[in-house]
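Trainee: The task is simple: from the sequences and hints, build the whole structure.
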Amino acid sequence: MFFDMTYIYIVLPAVVLALWASSKVKSTFRRYSKQYSSTHLTGAQAAARILSANGVTDVRVERVQGSLTDNFDPKANVIHLSQDVYDSYSTAAIGVAAHEAGHVLQYADNYAPIRLRAAIIPATNIGSRLAMPLIIIGLILSYMSRTYLQMGLTIAYAGLICFALCALFQLVTLPVEFNASRRALQAIESQGLLNSAELEGSRKVLSAAAMTYVAALAVTLAQLLRFMLLISGSRRN
1 MFFDMTYIYI VLPAVVLALW ASSKVKSTFR RYSKQYSSTH LTGAQAAARI
51 LSANGVTDVR VERVQGSLTD NFDPKANVIH LSQDVYDSYS TAAIGVAAHE
101 AGHVLQYADN YAPIRLRAAI IPATNIGSRL AMPLIIIGLI LSYMSRTYLQ
151 MGLTIAYAGL ICFALCALFQ LVTLPVEFNA SRRALQAIES QGLLNSAELE
201 GSRKVLSAAA MTYVAALAVT LAQLLRFMLL ISGSRRN
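Here the sequence shown stands for residues 1 to 237, numbered as in my numbering.
Simulated from the structure, these hints should not be mistaken for lab results.
Incorrect hints may appear among the rest.
Below 20 Å or equal to it, Euclidean Cα-Cα: the simulated SDA-like pairs (lysine to any residue) are [what the hints assert, rightly or not]:
1. Lys75 - Pro113
2. Lys24 - Ile231
3. Lys204 - Thr69
Treat the numbers as computed from the prediction; the structure is a model and nothing was measured.
Mentor: Next comes the structure, spelled out in structure tokens:
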């Protein structure tokens, strides 16, 4: 009931795309981790310089464990940079650090998409926890007998709405991430953190990272379509 040909021809291509995107960003990051900045600025220093140049003084830059675990926590006002980024002066590290600083600038400028994303996070968190249980329970009930058909469909559609919230979150994430990368590259260039040849390394790392968000959205939309087909099929049956 939950694994059929719809998974093969709808979801699997998106999963393959996501795996390729993940592999691409890792290989691109490794490649440009060996291209070093002539300014010898580390990722942490680059992020701090971008913040200072834009008048942001209340955001800390801290080291975090892991690889490519970099993020900005708006509640704590902290940019977390992974070990491969914080102390490295590679073009890859500077690009990633500048990207996280770009998120800080989005909040400072009251950038609408990032405010929208932050606003829907609570609903998305609830939806992500409830979606699969509701869809599975609803489909089981709808397949059991006609007595439970309507109840099952109602529960399944509720799960589908919850799952759609996750898709909405990922959709809103796209302009946020693309804009943060654009801000990062502009800041790197305007402040002379990298020369033109080195800047291309950062650009390629950020472009590869952006594809992971596109692929994640593709997987979610494919799953959403598949669940819609499954629920529609149970209704006909």
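Trainee: Hints broken by the structure, by number, lowest first?
Mentor: 2
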